[in-house]
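Number of protein chains: 2
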Amino acid sequence: MSVKQKHDELAALLQGAGVRPTRQRLALAAWLFDGHDKHVTAEQVHDAALKMRAHVSLATVYNTLNNFTTAGLLRQVVIDGGQIYFDTNTGDHYHIFDEEGGYLTDIPAASVPIARLPKLPQGKSLSRIDVVLRVRTSS
Amino acid sequence: MSVKQKHDELAALLQGAGVRPTRQRLALAAWLFDGHDKHVTAEQVHDAALKMRAHVSLATVYNTLNNFTTAGLLRQVVIDGGQIYFDTNTGDHYHIFDEEGGYLTDIPAASVPIARLPKLPQGKSLSRIDVVLRVRTSS
DNA sequence: ACATCCATTAGAATAGTTCTAAATTACCGC
DNA sequence: GCGGTAATTTAGAACTATTCTAATGGATGT
Chain A
1 MSVKQKHDEL
11 AALLQGAGVR
21 PTRQRLALAA
31 WLFDGHDKHV
41 TAEQVHDAAL
51 KMRAHVSLAT
61 VYNTLNNFTT
71 AGLLRQVVID
81 GGQIYFDTNT
91 GDHYHIFDEE
101 GGYLTDIPAA
111 SVPIARLPKL
121 PQGKSLSRID
131 VVLRVRTSS
Chain B
1001 MSVKQKHDEL
1011 AALLQGAGVR
1021 PTRQRLALAA
1031 WLFDGHDKHV
1041 TAEQVHDAAL
1051 KMRAHVSLAT
1061 VYNTLNNFTT
1071 AGLLRQVVID
1081 GGQIYFDTNT
1091 GDHYHIFDEE
1101 GGYLTDIPAA
1111 SVPIARLPKL
1121 PQGKSLSRID
1131 VVLRVRTSS
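For the record, the sequence lines run as chains A and B. First residue of the first sequence? That's 1 in my numbering, and the numbers climb one at a time after it. First residue of the second sequence? That's 1001 in my numbering, and the numbers climb one at a time after it.
If you are wondering where the hints come from, they were derived from the structure by calculation, not from laboratory data. Do not rely on the hints blindly, as some may be mistaken.
[As the list claims (entries may be wrong)] Capping the alpha-carbon separation at 25 Å, the derived lysine-lysine pairs in PhoX-like fashion look like this:
| # | chain 1 | residue 1 | chain 2 | residue 2 |
| --- | --- | --- | --- | --- |
| 1 | A | Lys-124 | A | Lys-51 |
| 2 | A | Lys-51 | A | Lys-38 |
| 3 | A | Lys-38 | B | Lys-1006 |
| 4 | B | Lys-1051 | B | Lys-1038 |
| 5 | B | Lys-1119 | A | Lys-124 |
| 6 | A | Lys-6 | A | Lys-51 |
| 7 | B | Lys-1038 | A | Lys-119 |
| 8 | B | Lys-1006 | B | Lys-1038 |
| 9 | B | Lys-1051 | B | Lys-1119 |
| 10 | B | Lys-1038 | A | Lys-38 |
| 11 | A | Lys-6 | A | Lys-38 |
All chains, please: the whole structure from these sequences, using the hints.
This is the structure in structure tokens:
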């Protein structure tokens, strides 16, 4: 695919989500949505942008990640306080968290079948289920 | 139960967990382990200590909550970045999180039966499963 | 091209938590 | 009980991740 084609594709992706395709957003989107699912912090995205010589400020990285999240292009994952991970996989899935390495892996929701749910509080309905399998090196 | 009995009971609880029963730790433990399960932030514990006129600094509240957690008397729950919740229920259970109110409720692990787990990464074993049912007001 | 509105930016501000170093307190053996 | 030692507490500074502010720059529609 040509560089122009890729650019147009990303621009279409952003516009389809109701986000204006600016230079900075396109640069970050190009790296985020390169076909490989990622779990990244704002700092990591910023570093990646610097390596690409894309001149995007940290404030813009935060703005963009938050915009992408509200637009449904990313999902936030919080594991251990401290920092927020942004997940490029917005489909129905859960996570494995390596407590020693501090990194996340996706697992399909179907691999953790939940047979039944408890009654929810009066007037409330389910918005999402988060499942995290915390693992460590076997003893 | 007399005040002295309660004090001795708490001191035994802390010592049993390998934590020295200091005045500050006993004061916080008295409030934390009063028989009602709680999900509290450091700030809330500090406020409670002030209301009890217990003169415990915020730094000590953090130290104590972390000590209690490593000693197995408390469990950390992280939901939304920002702040850490400390859970006085260390048994096998999951959580319901009210996205609007920002508060947590316990649910027994058995109320969310998990039929099967995926294969874990080579050399890793399960340390814990976290399940959070996120709810909001029904539309 | 113009006007409008939205996005970007550096730097300050904020929130939650941890660190530092000095003073206090608990514990242990005598 | 008493003293020595090591652990604990504390105020305040420091730190980290994130958001805010207000000024500049850029995209979009006509």
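Going through the hints against the structure:
no.: 1; hint: A:Lys-124 to A:Lys-51; in the structure: violated, 46 Å
no.: 2; hint: A:Lys-51 to A:Lys-38; in the structure: holds, 17 Å
no.: 3; hint: A:Lys-38 to B:Lys-1006; in the structure: violated, 51 Å
no.: 4; hint: B:Lys-1051 to B:Lys-1038; in the structure: holds, 17 Å
no.: 5; hint: B:Lys-1119 to A:Lys-124; in the structure: violated, 34 Å
no.: 6; hint: A:Lys-6 to A:Lys-51; in the structure: holds, 19 Å
no.: 7; hint: B:Lys-1038 to A:Lys-119; in the structure: holds, 21 Å
no.: 8; hint: B:Lys-1006 to B:Lys-1038; in the structure: holds, 19 Å
no.: 9; hint: B:Lys-1051 to B:Lys-1119; in the structure: violated, 49 Å
no.: 10; hint: B:Lys-1038 to A:Lys-38; in the structure: violated, 35 Å
no.: 11; hint: A:Lys-6 to A:Lys-38; in the structure: holds, 19 Å
In summary, the numbered hints that this structure violates are 1, 3, 5, 9, 10.
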